[in-house]
Amino acid sequence: MNGSARSGRWVALLFASVLLSVVSGCRPAVDPPILYALDESPFRALRDIPRARVFIFYRTDCPVSNRYVPEIRRLHEEFTARRIDFRLVFVDPEQPASEIEQHLGEFDLRIPALRDPFHDFVDWTGARITPEAALVTASGELAYRGRIDDRFIDFGQERAQPTRRDLREALQALLAGQGGSPTLSDAVGCYISDLRKSL
Amino acid sequence: MLYFRSSQVPLRAFLLIAFPGLGVVGCSSPEVTFTRDVAPILFENCSDCHRPGGSGPFSLLEYASARNRAGQIADVTSRRVMPPWLPQSGGPDFVGERRLSQEQILTLRRWAEQGAPQGAPEDLPAPPDLASGWRLGEPDLVLEQSVGYPLAEEGRDVFRNFVFPVPVSERRYIRALEIRPGNERVVHHANVLVDRSGVSLRLDEQDPGVGFAGMELTLESETFEPQTHFLFWKPGSDPTWEPRGMTWEVNRRTHLVLNMHFQPSGKPESIRPSLALYFSDEPPSRFPMLLQLENDAALDIPPGVSDFRVSDQLVLPVDVRVLGVYPHAHYLGRKLEASAALPGGTRHELISIPDWDFNWQGVFRYKTPLFLPAGTRLSMEYHYDNSTDNPRNPHNPPQRVMAGNQSSDEMAHLWLQVLPERREDRLLLQEALMLNRLEKAPADPVALTNLGAVLQARGDLAGAIELFRRAIRARPDDATALNNLGAALRLSGRMDEAIENFRAAVSARPDYFTAHYNLGTSLLTTGQPGRAVLHFERVVGNDQEDLAARRNLALASALAGRFEKAESNYKHLIGSHPDDPELHGELAVVLAQRGRMVEARRHFERLLEVSPNSAPGHANLGRLLAQQGDVDAALPHLREAVRLDGANADNHNQLGVALAIKGDIAQATRHFQRALDLEPSHREARENLRRALGQD
Numbered sequence: 001m002n003g004s005a006r007s008g009r010w011v012a013l014l015f016a017s018v019l020l021s022v023v024s025g026c027r028p029a030v031d032p033p034i035l036y037a038l039d040e041s042p043f044r045a046l047r048d049i050p051r052a053r054v055f056i057f058y059r060t061d062c063p064v065s066n067r068y069v070p071e072i073r074r075l076h077e078e079f080t081a082r083r084i085d086f087r088l089v090f091v092d093p094e095q096p097a098s099e100i101e102q103h104l105g106e107f108d109l110r111i112p113a114l115r116d117p118f119h120d121f122v123d124w125t126g127a128r129i130t131p132e133a134a135l136v137t138a139s140g141e142l143a144y145r146g147r148i149d150d151r152f153i154d155f156g157q158e159r160a161q162p163t164r165r166d167l168r169e170a171l172q173a174l175l176a177g178q179g180g181s182p183t184l185s186d187a188v189g190c191y192i193s194d195l196r197k198s199l
Numbered sequence: 001m002l003y004f005r006s007s008q009v010p011l012r013a014f015l016l017i018a019f020p021g022l023g024v025v026g027c028s029s030p031e032v033t034f035t036r037d038v039a040p041i042l043f044e045n046c047s048d049c050h051r052p053g054g055s056g057p058f059s060l061l062e063y064a065s066a067r068n069r070a071g072q073i074a075d076v077t078s079r080r081v082m083p084p085w086l087p088q089s090g091g092p093d094f095v096g097e098r099r100l101s102q103e104q105i106l107t108l109r110r111w112a113e114q115g116a117p118q119g120a121p122e123d124l125p126a127p128p129d130l131a132s133g134w135r136l137g138e139p140d141l142v143l144e145q146s147v148g149y150p151l152a153e154e155g156r157d158v159f160r161n162f163v164f165p166v167p168v169s170e171r172r173y174i175r176a177l178e179i180r181p182g183n184e185r186v187v188h189h190a191n192v193l194v195d196r197s198g199v200s201l202r203l204d205e206q207d208p209g210v211g212f213a214g215m216e217l218t219l220e221s222e223t224f225e226p227q228t229h230f231l232f233w234k235p236g237s238d239p240t241w242e243p244r245g246m247t248w249e250v251n252r253r254t255h256l257v258l259n260m261h262f263q264p265s266g267k268p269e270s271i272r273p274s275l276a277l278y279f280s281d282e283p284p285s286r287f288p289m290l291l292q293l294e295n296d297a298a299l300d301i302p303p304g305v306s307d308f309r310v311s312d313q314l315v316l317p318v319d320v321r322v323l324g325v326y327p328h329a330h331y332l333g334r335k336l337e338a339s340a341a342l343p344g345g346t347r348h349e350l351i352s353i354p355d356w357d358f359n360w361q362g363v364f365r366y367k368t369p370l371f372l373p374a375g376t377r378l379s380m381e382y383h384y385d386n387s388t389d390n391p392r393n394p395h396n397p398p399q400r401v402m403a404g405n406q407s408s409d410e411m412a413h414l415w416l417q418v419l420p421e422r423r424e425d426r427l428l429l430q431e432a433l434m435l436n437r438l439e440k441a442p443a444d445p446v447a448l449t450n451l452g453a454v455l456q457a458r459g460d461l462a463g464a465i466e467l468f469r470r471a472i473r474a475r476p477d478d479a480t481a482l483n484n485l486g487a488a489l490r491l492s493g494r495m496d497e498a499i500e501n502f503r504a505a506v507s508a509r510p511d512y513f514t515a516h517y518n519l520g521t522s523l524l525t526t527g528q529p530g531r532a533v534l535h536f537e538r539v540v541g542n543d544q545e546d547l548a549a550r551r552n553l554a555l556a557s558a559l560a561g562r563f564e565k566a567e568s569n570y571k572h573l574i575g576s577h578p579d580d581p582e583l584h585g586e587l588a589v590v591l592a593q594r595g596r597m598v599e600a601r602r603h604f605e606r607l608l609e610v611s612p613n614s615a616p617g618h619a620n621l622g623r624l625l626a627q628q629g630d631v632d633a634a635l636p637h638l639r640e641a642v643r644l645d646g647a648n649a650d651n652h653n654q655l656g657v658a659l660a661i662k663g664d665i666a667q668a669t670r671h672f673q674r675a676l677d678l679e680p681s682h683r684e685a686r687e688n689l690r691r692a693l694g695q696d
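Quick note, the sequences are listed as chains A and B, same order. Residues in the first sequence are numbered consecutively from 1, following the numbering used here. Residues in the second sequence are numbered consecutively from 1, following the numbering used here.
With the rest of the complex left out, here is chain A (with noise of 0.2 angstroms):
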């Protein structure tokens, strides 16, 4: 792998970026902002969205992350017919690919993986914890930002079956044709606060 090349690509892609935030303004971070693949190829969040896009910050070590994989992957079967794409966003900037790849096929995530090392996209949606949920529309405007469900009310702390489905509700809403300004809601899981971005 030629990394110098890379780098030079990133750079170019990243600084026209800056250059947009300077622009418009309003939000601390890039914009459009770029998440990697586990290859390291850009992914742009906000480009060709079919019908709209679900992204899902995710750790690996994060025991709640983990618990919440088999409704993850309901979701995803239900709303991939739908054309809504999913994505999983990895945000510890630290771990290497190899270790996402083989926590996917443990868990048996078939959901493309993408990285924020930066935590551009984190910073964009506003999303501090995993797994939390961010809904972004065709057009590339953020419908829905937090929790799955209710399930987790704190640490250690859970019901026996939730009592909203946050990030469900939001999709149908967004399928039946309800817009407005987007919901948010408070995730329960681990900080991704703690984890240092690069730089």
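Treat the hints as calculated values from the structure; they're not laboratory data. Heads up, a few of these hints could be off.
Computed footprint of chain A on chain B, listed as stretches where at least three residues anywhere in the stretch have a Cβ under 8 angstroms from a Cβ of chain A [claimed, not checked]:
#, region
1, 142 to 156
2, 633 to 644
Cβ pair distances, simulated, as ranges [stated by the list, open to error]:
#, chain 1, residue 1, chain 2, residue 2, range
3, B, Leu141, A, Gln172, 57 to 63 angstroms
4, B, Gly137, A, Glu169, 54 to 60 angstroms
5, B, Ser89, A, Gln172, 44 to 50 angstroms
6, A, Asp154, B, Arg377, 35 to 41 angstroms
7, A, Glu169, B, Gly345, 58 to 64 angstroms
Note that the Cβ used here is the ideal one computed from N, Cα and C, for glycine as well.
Chain A is already provided as a structure; the job is to place chain B on it using the hints.
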């Protein structure tokens, strides 16, 4: 992977330069580092679970891993979510207490706020001992589940019991048991119960999966054998050696039942628990007992009620020392309290849990055993919250909840491990417990049966019979009560009624082998060996190595004239007990009955090899030799029989016959006379004497 953004390099350099400057300018808070300040706290308080391969979902031993959670650590410790420790501070001192001081919590907070710096490597304390083997060293015996239990990737908590037979040939004493959960990440707690009745095997067979389902199980035994020890595992808990003199017994009939609580992890898991046993040569000399306060009968919690109280009390009939406590409720439990009011008015808190969390339940052992004199009133008071304000409420919307074995049901239990002064004091404790239970539920068949067993042990058979009858009225097909009633009736000499109840017991529960055995021995002693054979065969069919049952089967077969069956069973027994003289003697008699004199003679001779002073051995061998016409060989044995057991009329008669055959009529007459003196109704001796005197 390295992410590098050249546009921000200057910024990073600026930050690195700026940090030391900040400290100098005016930040009064001294720098907190991982190696010097944080690692000692994490190593001491968190590493039992948060270590590689530990039950905690991540390790906190390494800097990088702790740094990636610095804010979360500060948050959960300041809210005392971690480390998990249920008892309220200010109460009794418990072993292994995990509670951070305010200062430690502040250190963790400052560390996170300062950006979680690493510090100087030389400050790092030695890491905790991470021995991966058995914590107590090389075990004497390891019991393993042969097949892993498959745990689904999601769902609520799973409660499963695994039965471990104990493959020992003789009784052993246990000084420690270590539980290895097999998959620490998904096991919340585990608890071993000692089953001396085989009940757990039956439950295991009835459940098609690996092990059997259920959160709490009731074990029974025919004799008074209380559970004596807390054999508990929870994440981070160390196995312990039992105190001196407090070993406990296992034998080849013992089954250890491992009751486990699992929580799904997000992917399918397989759990293969194992147990390590550490033997001791010392039989127990101190006999603890687990006392249970409970009030499940009062648990009928209406939906929406936020403070439903349940209490129970027990007055101690004897002095005890309390060694440990294990409170137990499910998800509606909010506040759990137990105390002891001494006769003089002093009150001791036994435990107080202000915010009960089922997931962190455990056994708490007192650092110093608490002495409680007779007359002390033990109390528990539990509070339940069945409203929507209880986030752990398993029902949404709330529903009426009653006592039960599912985690969505409730329980109100408080177990105490107590050590009375004397072993027999435990009967008094058991009596007090059962009377207490009957006060709450007068028709409780288990309490009636247990109380009956206490009375029986004390020799009050009439009282025991009355209680067993009450238990059967409450639950007519209660096999245990029917069997116990049978045993009490038999001891009272009421054989026919005893047999009737043993029959009812095996009819209520066809695989109740203790009742089959009791029925078999009762039939045997009332002259019904043919029927007895059927029941002993059931027992032996279940346990090939049940020596007593097989012996009775052989004897009953012989008495019923079924010599072939008797022979095969005696031979089976002799195979494992080649030096048992009685087996050789009984087999020889059976062989003689079958006309196989040579073999019979061999077994009589073997009997005398093992037991040269056996009077029946000499008598029988002498008789057999005489019958075969070898009177010369018979005489020394018949003489020896008389010498060893001169009070046996048969021996004199038999010797007299041999002497008469040899022509020694005078000596023969003396022995016939002696036989008649000993047993005037001895018909053969009288006939022989008449004939001898006629010849004289």
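Hints and how they fare:
1. Figure legend: the region 142 to 156 of chain B, annotated as covered by chain A; annotation consistent (3 residues with Cβ-Cβ distances under 8 angstroms, at least 3 required).
2. Counting residues of the region 633 to 644 of chain B whose CB lies closer than 8 angstroms to any CB of chain A gives 0, which falls below the minimum of 3, so the coverage claim is violated.
3. Between B/Leu141 and A/Gln172 the CB atoms are about 58 angstroms apart, so this pair conforms to the stated range of 57 to 63 angstroms.
4. Checked against the hint of 54 to 60 angstroms, the C-beta distance between B/Gly137 and A/Glu169 comes to roughly 56 angstroms, which is consistent with it.
5. Against the hinted window of 44 to 50 angstroms, the Cβ-Cβ separation of B/Ser89 and A/Gln172 comes to about 48 angstroms, which satisfies the hint.
6. Checked against the hint of 35 to 41 angstroms, the pair A/Asp154 and B/Arg377 passes, with Cβ atoms roughly 37 angstroms apart.
7. Checked against the given bound of 58 to 64 angstroms, the beta carbons of A/Glu169 and B/Gly345, roughly 60 angstroms apart, stay inside it.
Of the numbered hints stated above, the single one contradicted by the structure is hint 2.
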